[in-house]
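Student: Sequence:
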Amino acid sequence: MKPTNTLGILREVKSKWERRVAITPSQVQLLVSKGIRVLVQPCERRVFKDVEFKEAGAILTDDLSPANCIVGVKEFPAHKLIDDHSYMMFSHVIKAQPYNMPFLDTCLQKNIRLFDYECIRDPRNSKRLVAFGRFAGLAGMITGFRGLGEHLLAMGATTPFLYSASSYMYPSLKEAQQDLEYIAEMISKFGLPRKFGPFTFVFTGAGNVTQGALEIFKLLPHEFVKWEDLPALEKNFDNHKVYGCLLPTSALVEPLVKTGEPFSSKHYYQNPEQYRPVFHERIAPYTRILVNGMYWDHTFPRLLTCEQTAQVKVKYPNSLLSVFDITYDNYRCTFFYDDPLVNDISSNIGMLDKEKEERVKNLSHLLNKLVCCVVDGNGILVLGVDALPAELPREVRACFFLFYFILSLDSFQFRVLYPFLESLANSDGRLPFAEQTDFHWKFKTRALHVITNLQNHFNIFKP
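In the working numbering, each residue carries its 1-based index in the sequence shown increased by 19.
Please note that a few of the clues may not be correct.
[To be verified] In silico PhoX-like pairs for lysine-lysine, Cα to Cα no more than 25 Å straight-line:
1. Lys193 - Lys208
2. Lys285 - Lys146
3. Lys260 - Lys193
[To be verified] Just the calculated beta-carbon pair ranges, DEER-fashion:
4. Glu200 - Gln116: 38 to 46 Å
5. Glu253 - Lys68: 47 to 55 Å
6. Asn144 - Ser283: 22 to 30 Å
7. Pro250 - Lys277: 19 to 27 Å
8. Asp69 - Ala173: 40 to 48 Å
9. Glu74 - Tyr314: 40 to 48 Å
10. Ser269 - Met174: 30 to 38 Å
Hints were generated in silico from the structure; no laboratory data involved. From a predicted model like this one, the values you see are computed outputs, not experimental measurements. Note that beta-carbon positions come from the ideal geometry of N, C-alpha and C, so glycine has one too.
Starting from the given sequences, assemble the full structure and let the hints guide the process.
Tutor: This is how it looks when you write it as structure tokens:
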């Protein structure tokens, strides 16, 4: 369509828990002050109210067809795509995700110009500038504490963890942190039950997810230990603190053929089939809470299998009280994620029931069965959901969209904001992308990453 200097903001419909928005009312006010018209689909579910957008100068309307570029958080029903328009969102197509190929097909059929947040990167280091991993870590730990408290209560012990709520129940992260300060004070003053041994939180991964989880963990009285020291800690620990252990890759696997050479992460990632998992032998027996934040796919050994977990629990009953699997990926390196209920924030805590396990002959099936929302004293408490960032909608918006992108690249100078947004507000989907010469050159360079990524998987895309 012809340039109209107009942006549209989508109503999120992928999940009832999706309260995030790509552009906030304060950002809308800045856009309007620079002459850009902003259309907003009304939505009572958003963390920001419709009246806030209206007062900021936006036009509330269901019809976004006058907008040149329509922005959202996640993809939506493909039949609602408007021909010859530009869209910006997490489309979940650039890695050739099979489940979303119909959405991509519709984009092609309707001549959609698609911008994906995953492709917006800092040219200096290639890091993504719009990423939610940290918030998955923050939300996952807070909600995990709630589940842990209920689990320990069912096992006969009241602990300070009982005073944490799920992340989505807090108005903002600040209120959650206030509760955690009280929990920390209670742990310091009264301690945790010694009968469970040291409360060791074992972390995998080194990315944004794990860093977010560590931010919350560090609010408690804590001490970090090396994985080699975990066995000795069982006999000598302070129950007025929790213990953290950051696992290097070398603690998780070992080569099938020992050569005497030092462990090489590079060699492992290039040749995963030449390694076997050893987490269940070295670490799991001394782990009370496993916090998994590492990337995994099926080419690598699993961190824990069904059989390994059962063996560990039989021999070490106090091990693996809880598993917080908060990694923000489609695939998990633990054993219990075939149950679709874990995609629902309201059902993200459940139990792997040891009693039920012993009555099932097929071990793979029994440990794959997650009974959601039933927190009792048997088995392993499990937290797992793929939409954790949506539990902190006010915090997540702070890193969203082009404001974060532009400010990061241009030293927080507002003077450079307008050219980028003007480009989007006048995106002409009728033209081949390379022929729209009025796009700001920096943004055009980033946008071409989408085409490049798709070309790596398909041969039908031309820039």
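Student: Going back to the hint list, which numbers does this structure go against?
Tutor: As far as the earlier hints go, not one is violated by this structure.
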